[in-house]
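Protein sequence lines correspond, in order, to chains A, B and C. Per my numbering, residue 5 is the first one in the first sequence, and the count goes up by one each step. Per my numbering, residue 5 is the first one in the second sequence, and the count goes up by one each step. Per my numbering, residue 5 is the first one in the third sequence, and the count goes up by one each step.
Rather than coming from a laboratory, the hints here were simulated on the basis of the structure. You may find that some hints are simply not true.
Given that identical chains are not distinguished, each listed pair holds provided it fits within a single copy or across any two copies.
What the hints assert, rightly or not - With a straight-line cut-off of 25 Å between C-alpha atoms, the simulated DSS-like cross-links for lysine-lysine are: (1) Lys25 to Lys8; (2) Lys36 to Lys96; (3) Lys25 to Lys111; (4) Lys8 to Lys82.
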Amino acid sequence: MLGKAKLLKVYLGESERYKHKPLYQYLVYWLKEKGIGGVTVSRGIEGYGQDKVLRTARLLELSSDLPMILEIVDVAEKIDPLIPEICSMVPKGLVFSTDIQVYKHGKEQ
Amino acid sequence: MLGKAKLLKVYLGESERYKHKPLYQYLVYWLKEKGIGGVTVSRGIEGYGQDKVLRTARLLELSSDLPMILEIVDVAEKIDPLIPEICSMVPKGLVFSTDIQVYKHGKEQ
Amino acid sequence: MLGKAKLLKVYLGESERYKHKPLYQYLVYWLKEKGIGGVTVSRGIEGYGQDKVLRTARLLELSSDLPMILEIVDVAEKIDPLIPEICSMVPKGLVFSTDIQVYKHGKEQ
Chain A
5 MLGKAKLLKV YLGESERYKH KPLYQYLVYW LKEKGIGGVT VSRGIEGYGQ
55 DKVLRTARLL ELSSDLPMIL EIVDVAEKID PLIPEICSMV PKGLVFSTDI
105 QVYKHGKEQ
Chain B
5 MLGKAKLLKV YLGESERYKH KPLYQYLVYW LKEKGIGGVT VSRGIEGYGQ
55 DKVLRTARLL ELSSDLPMIL EIVDVAEKID PLIPEICSMV PKGLVFSTDI
105 QVYKHGKEQ
Chain C
5 MLGKAKLLKV YLGESERYKH KPLYQYLVYW LKEKGIGGVT VSRGIEGYGQ
55 DKVLRTARLL ELSSDLPMIL EIVDVAEKID PLIPEICSMV PKGLVFSTDI
105 QVYKHGKEQ
């Protein structure tokens, strides 16, 4: 996937679940099964989305649903067909993409 | 805000303050009041900016000002008018944008 | 570096080393010596790359090699010449760039 590719970012809540699993974990396994090139998950410390409810690590009662950020990288031909299903899996989340230029992907040349 | 939109990223120091509040917290409240679609804050573990001073979680005396990263998402029409004010609020920070394509924003269709 | 610039993102494992140092630390020092405008390092909590091995903070034995994310910002003229060397330093990593618009970089006007 060197050259032109796509970064898809997915933002969701840590407490969201899907098929008896944390949603972000389910998504990572699912993307790996689909053969997507690379996925990285980070945890934010604060944030709000479309519902305008602020989740923050500063308040205990609001800290159980901190933002999780997934960065998904592959060529558009592999990512685009998955976007509708990803969107349906994250009912409250944010999903967007940006174009990237890949210079290195492990041992791939 | 589905379709073409803008991701604005703001990098600042955890210890920076504004109107008696941590600057990053002030910015999140301020952006929410302005009706901006979504904001996520993450904490870095190391970094340097224009002043070339390395802040790192590895050295206690330099770990009180770790980099904070704000990711701000909305259409350009809503973000662009706020950029001058944001830049004036982060005197030592980094502010940049990139174009994105939004596929999902909570219940918004 | 106000105006058109470049964000280079590098993903590597926390346990990777280079010249007797953690690779991510080596890279930050090296980029600072090269005069690159700004670098921020974050730690992910889970992810996989080209080798399709999932590293996760949820499993102790796989949590010693969590993903590290470097965000490197400067004009293309300063970043592009360094990309081949960066790629050779991260044999297992992911390296990609995206175009950005910089509005603020510390005291630089």
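Here's how the hints hold up against the structure:
Taking the shortest Cα distances, Lys25 and Lys8 never come within 25 Å of each other, neither inside one copy (33 Å) nor across copies (32 Å). In this assembly of identical chains, Lys36 and Lys96 lie within 25 Å of each other by CA distance both inside one copy and across copies; the values are 23 Å within and 17 Å between. When the C-alpha separation of Lys25 and Lys111 is checked against a cutoff of 25 Å, the pair qualifies only between copies, where the shortest distance is 22 Å, while the shortest distance within a copy is 32 Å. Taking the closest pair of Cα atoms, Lys8 and Lys82 come within 25 Å of each other both inside a single copy (12 Å) and across two copies (21 Å).
Against the hints set out earlier in the document, a violation occurs for number 1 only.
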